[in-house]
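Novice: Here is how the chains run, residue by residue.
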Amino acid sequence: MTGFELFVDGFLNGAVAVEWTPAILKGFVLTVFLAVLVVLTGLGAGLLLSLVRSLGFRFLNAVIVFVVDILRTIPALVLIVLLYFGAPSIGVVMSGSVSTWLALSLVLMAFSEEIFWAGITSISKGQWEAARSTGLGFGRTFFHIILPQAIRLTIPPLTNRTIGITKGIALASVVAVQDILGSAQTAVTFAFNATPLLIAAAAYIILFLPLVILSRRIETRFHWRR
Amino acid sequence: MDIIDAFFNFDILSQSWPLLLKGIATSLMLSVLGIPLGFAAGMILALLSTCGHRGARFFCNVWVDLFRSLPPLVLLILLFAGLPFIGIELSAVSALIVVFFLNSGSYYGEILRAGIESIPLGQIEAARSTGLSQQKTMAYVVLPQAVRNVLPDLISNTLEVVKLTSIASVVAIPELLFQARQVQNFTYNATPLMAAAVLYFVLLWPFVRMLSRFEHRAIAGRY
Numbered sequence: 001m002t003g004f005e006l007f008v009d010g011f012l013n014g015a016v017a018v019e020w021t022p023a024i025l026k027g028f029v030l031t032v033f034l035a036v037l038v039v040l041t042g043l044g045a046g047l048l049l050s051l052v053r054s055l056g057f058r059f060l061n062a063v064i065v066f067v068v069d070i071l072r073t074i075p076a077l078v079l080i081v082l083l084y085f086g087a088p089s090i091g092v093v094m095s096g097s098v099s100t101w102l103a104l105s106l107v108l109m110a111f112s113e114e115i116f117w118a119g120i121t122s123i124s125k126g127q128w129e130a131a132r133s134t135g136l137g138f139g140r141t142f143f144h145i146i147l148p149q150a151i152r153l154t155i156p157p158l159t160n161r162t163i164g165i166t167k168g169i170a171l172a173s174v175v176a177v178q179d180i181l182g183s184a185q186t187a188v189t190f191a192f193n194a195t196p197l198l199i200a201a202a203a204y205i206i207l208f209l210p211l212v213i214l215s216r217r218i219e220t221r222f223h224w225r226r
Numbered sequence: 001m002d003i004i005d006a007f008f009n010f011d012i013l014s015q016s017w018p019l020l021l022k023g024i025a026t027s028l029m030l031s032v033l034g035i036p037l038g039f040a041a042g043m044i045l046a047l048l049s050t051c052g053h054r055g056a057r058f059f060c061n062v063w064v065d066l067f068r069s070l071p072p073l074v075l076l077i078l079l080f081a082g083l084p085f086i087g088i089e090l091s092a093v094s095a096l097i098v099v100f101f102l103n104s105g106s107y108y109g110e111i112l113r114a115g116i117e118s119i120p121l122g123q124i125e126a127a128r129s130t131g132l133s134q135q136k137t138m139a140y141v142v143l144p145q146a147v148r149n150v151l152p153d154l155i156s157n158t159l160e161v162v163k164l165t166s167i168a169s170v171v172a173i174p175e176l177l178f179q180a181r182q183v184q185n186f187t188y189n190a191t192p193l194m195a196a197a198v199l200y201f202v203l204l205w206p207f208v209r210m211l212s213r214f215e216h217r218a219i220a221g222r223y
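Here the protein sequences line up with chains C and S, keeping their order. Sequential numbering from 1 applies to the first sequence in the working numbering. Sequential numbering from 1 applies to the second sequence in the working numbering.
Next up, chain C with everything else stripped away, as it sits in the complex (with noise of 0.2 Å):
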């Protein structure tokens, strides 16, 4: 075989494509589900967290600092695993699914707690203390003041990480979970070719690559101007 006939017969193989793409694609599947709930929980969590930090508890906001930097600094496969192979000695039994969100949803809600926390303190206290005085109460004037113009900064740092930690789904093959990777790994071993590895990076490719252009999008829009 010429070289251009071993690639293509390695790498884009059609029978082997047509066999092993529905197996690519539940997997595709549980990568959507998975990526949507740790968006929803790593960014709620966080958001929840910054709130309760504004509330200004000394002892409180020192934890909360603490443990959001004990996750920024641990990778997330690490993560994964500690919660996949150590949690059922404690008798907590956990599905490489689930550890993959609770892994990513923890490290999420830290780098999204530190960078809502950065928005809020950047709006003066005069607004604090404005809408105080007008009769708000405290959940009102951070949800109605103080969040919209803190989420407006806010907006381009969050989506790059949740971007780049949602990515990370990728890593729940290591716990054998049949997410893109894992399936398409599944189908290497019984196909003998490196098709669905090649099907399994351009799923991720569709799936991501529109949020990272939106992303340069947003960010352009918010860049300093020259």
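Heads up, a few of these hints could be off.
As the list claims (entries may be wrong) - Looking from chain S toward chain C, a few residues come up when the C-beta cut is under 7 Å (computed):
# : residue
1 : 2
2 : 136
3 : 170
Simulated from the structure, these hints should not be mistaken for laboratory data. Glycine residues also receive a C-beta, built at the ideal position from the N, C-alpha and C atoms.
Model the placement of chain S on the given structure of chain C, informed by the hints.
Specialist: Okay, now just chain S, sitting in the frame of chain C:
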């Protein structure tokens, strides 16, 4: 005492300590390889992207977006497990190096480009009109300020590169996570994994603290 026994078992820790230390040495070595490589790739992308040629800019954007949307682990598996099928055998470390170049390089590239674009055009015009060549303007006027402007993002991305080395465990490079999993396999005890997590924390915490202060100033300073 279940938790102590399962996660903070001193006997198992002292047994696995030498392996974990070897693992962290390998992790650091991979980082020392990956950080300059990714940075260099990013610099090439950023310079190409801001050189004023529209085609070059478009090419860079496509390149960066493509590799930012592909999870690094997918790329690593594709290179390590996929390429042999067409007769190209990459060692695990070389596959990882290519991942650094493509993935980390794209992230560095985006950051450096933003840095370069944060320098007002007036400065470039002023530098050029004092007689500096285009290269000298870039090297002595634009880049030093550009790097300073995006320093927090650069540090943050560098931490991500160090954390990224943990995927090397999947292709059996004996770095920290790999060693921890080995011991965990033998002992059925999660202590080595916990120790790996703690080691990562101890190693990176000072940088995260510093970063947190930086980031704060960056966002807070915009109002």
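Novice: The hint names residue 170/S as touching chain C; please verify it with the least Cβ-Cβ distance against 7 Å.
Specialist: Check passed: Cβ of residue 170/S comes within 6 Å of chain C, closer than 7 Å.
Novice: Hint check: is the beta carbon of residue 136/S less than 7 Å from a beta carbon of chain C?
Specialist: 21 Å, violated
Novice: Does residue 2/S meet its interface restraint, that is, does its C-beta lie within less than 7 Å of any C-beta in chain C?
Specialist: 5 Å, holds
The structure does not agree with numbered hint 2 stated previously, though it agrees with all others.
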